[in-house]
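Protein sequences, first through last, are from chains A and B. Taking the working numbering as reference, the numbering of the first sequence is continuous, increasing by one, and the terminal residue is 1407. Taking the working numbering as reference, the numbering of the second sequence is continuous, increasing by one, and the terminal residue is 515.
In case anyone wonders, no lab produced these hints; they're calculated from the structure. Please note: incorrect hints may appear among the correct ones.
Said to hold, decoys possible - A partial selection of chain A residues facing chain B, derived with a Cβ cut-off under 7 angstroms:
#: 1; residue: LEU1156
#: 2; residue: HIS1160
#: 3; residue: ALA1191
#: 4; residue: THR1192
#: 5; residue: ALA1213
#: 6; residue: PRO1216
#: 7; residue: ILE1281
#: 8; residue: SER1301
#: 9; residue: ARG1305
#: 10; residue: VAL1306
Said to hold, decoys possible - Chain A regions said to be covered by chain B (calculated; three or more residues, Cβ under 8 angstroms):
#: 11; segment: 1219-1230
#: 12; segment: 1233-1247
#: 13; segment: 1285-1299
From the three backbone atoms N, C-alpha and C, an ideal C-beta is built for every residue, glycine too.
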Amino acid sequence: MNKLTFKALVTGAAITLGTSAMAAECIAPANPGGGWDFTCRQIGKILFDIGEVDSPVQVTNMAGAGGGLAFSHVVTERSSDADLIIAASSATTTRLAQNAYGGATADQVRFVGAIGADPGVIVVAADSPFQTLNDLVDAVLADPSSVAFAGGSAVGGFDHLKPLQILKAAGLEDITQVKYIGVDGGADAITQTIGGFTQAMTGDMSEIVGFVQSGDVRVLAVLTEERVPGFEDIPTAIEQGYDVVAVNWRGLYVPLDISDEEFQVWADRLAAVAASDAWQQAMMDNGLAPFTKVGGDFQSWIDGVVASTEELSREIGVIQ
Amino acid sequence: MELFDNLALGFSIAFSPYTLFLAILGCFIGTIVGALPGLGPANGVAIMIPITFSLQLDAVAALVLLTSIYYGAMYGGRISSILLNIPGDEPALMTTLDGYPMAKNGRAADALVISGVASFVGALLATIGLMLLAPLLSRVAYEFGPGEYFALYLLAFATLGGISSNNQAKAALASCIGLMIAMIGLDPNSGLPRMTGGNLHLYDGIDFLVAIVGLFAVSEIFFFIESHGKSSAVGVKVGKVRVPWADIWDTRWTMLRSSFVGFFAGVLPGAGASLGSFMTYMMEKSIAGEKGGFGTGVPKGVAAPEAGNNAAAGGALVPMLTLGVPGSGTTAVLLAVLVTLNITPGPTLFTERPDVVWGLIASLLIANVVLLIMNVPMVKIFVRVLQVPPAILLPGVTMISFVGIYSLTGSYFDLLLVVAFGVLGYLLRKLDIPTVPVILGILLGHQMEKQLRDAMVLSDGSAWGLIYTRPSDTTDLSVIALCLLIAAVLGFFAPIFLRKVLTKPQAVSD
């Protein structure tokens, strides 16, 4: 009871005072509660818990323009701040490749690493005639207007690019014919698909777990290199003949003008977080699959992703 | 019975002194956040999230705190609507229409008590609905595709004329201004910026809280300056505080009907609390007819939107818990919290995590009772606010709203927008154009456009896609969409052709 009273008092104090200033800072470019916020809070907490930083990492939420406000803030005002990390994911690079950050480009910051990923999936309703990814792809190839996809991102967003990559691999020439509606999040996309308004849903593994367990949907493919631990009966797209890997990675970028040593410090810290038990647990709890790329490796991988996203976006006409 | 077993489980979790403390704290903070113009329930919950994390509250405790803030804010929003004619948050918009005239007539305390009781009834019925029907109702969301949602929004806009005091054309003009403002930001179907002038601050569109504070609070300041502080609308008489039992009894059917409609508006993802309070107000206005005197300060005009929006708040939890689909901005934030706490809402939540679901339901019931107890005696304190001279009260409220707006994005740009909306509001009110439809346009315009364009994509650009559930199958007519569309057309044209038959209730303009 005493402990509870103490906690209650702290609640009151925390509400009135807020948090005080600390050394390292992590900017989550969105409101509290989202994926970027999770990245900052988890990584920040683990960094302190395993002793990589001396004082708790302060998390700042800077929502706006889908991460664009935080990006321009870092580029223009904090470009040499070595104590600053910023949460990022596939959405960050997709938007950068599509010039959705008001002229900012991916080379204005340094991508330091990713330490987990949400695998992409293609899902149909349980009563759908499509049994395998091949059935679905064949139907689209025969008549592109017969299949509509629903996903949790806008046209040109990451969820839209997933089926386009598959269909392109299958040999569809004009990918602009593919019907796609972007709704408000993955669960909404599933609702539309179960309701029969769209024929397939494209999204992330974490968004569909509940619906798979309840038997409302069938997963046609997961877009990873290997089958995902815990979901061994879901085949990959690669197994079914489409060489497509699309995962929503969770990671960090840092300002451009910090020294190579400072960059390496963050890369090492991130690698330490990835190896920690606490992070393994956090990944399991949130439906993330292991996906660790840090330092120079990650930067060159990002460059490749940005280039291919740019090409695909140009083909569907999202950018000129 | 299984239901009582579940409830007992829920109460055994929720009835610890610590959880109760959190519920009371949440209700209190929520009421204040709701009452402050510029801060809505979504902001209230979002602001509290970092605190729940840093305290390392467990799932149930965090949910109790956050949902009691949610319910508290839904109660609190009415206070500034009634006392100051400035909606505390967007669902409380409709409460200004009759609540403020009531306050002007010296019945501020009555309006607060009636709306408090209406909020209680709405929230209580919605919580019971959530308890009994959630797994069943989750199927309703499967029946609503883009075409159906578009028809629903169209119905809302088609009946907008009735909101205006005496000129439907002006109401239509005002809603068009709102719809135009809603166009600013990223194009929902391509993600490309529209009408932003390259300004990153405009990429997310214009927040309706910015519009509310500008159109209501700042424009009031301009009027106040213009009249040298003499004829402010804020200085109203304060009557004796008592519980108006007769009025509460008279509005019983209004409360029940509104709770029912509001709950269903909440259950539909993409409709939400604002649409709930709007539809219940319009429904009660047409039921009451000419003699009802809606807009002149009648108890029913206060009870309907408040029961409606609180019921919708409860209803919005249904799709969030059973499908993981947030039905409103606030449930979107709550959803994110659940996911972070390692609870995945979805079809299996009710069977897999009964402790979370029933703990939540029990704490909602507790929060609701706490809020009723808190709100009715506290009416006296709130009414005192009116005795503060307008010269102090108005700038104070505006200052607090500015702080609230600044906390949304931490950018001065929104403050400039607030002032711009203040100028717009001043001009509109000089021209006797109602400002409520402008807000509704901003609030609903984005979704309405998106649903229309999605329906067009699915039907390959054919307008028939609006009434066919599955555009590829032309035999599968969507009855829901068709009925809503017919209602919308009737709602728009009937007042034009039946002008002589239907004499509109006369209302005071703001």
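Point to revise | Unmet hints by their number, sorted upward, for this structure | key: As far as the earlier hints go, 2, 3, 4, 5, 6, 9, 10 and 11 are violated by this structure, in ascending order.
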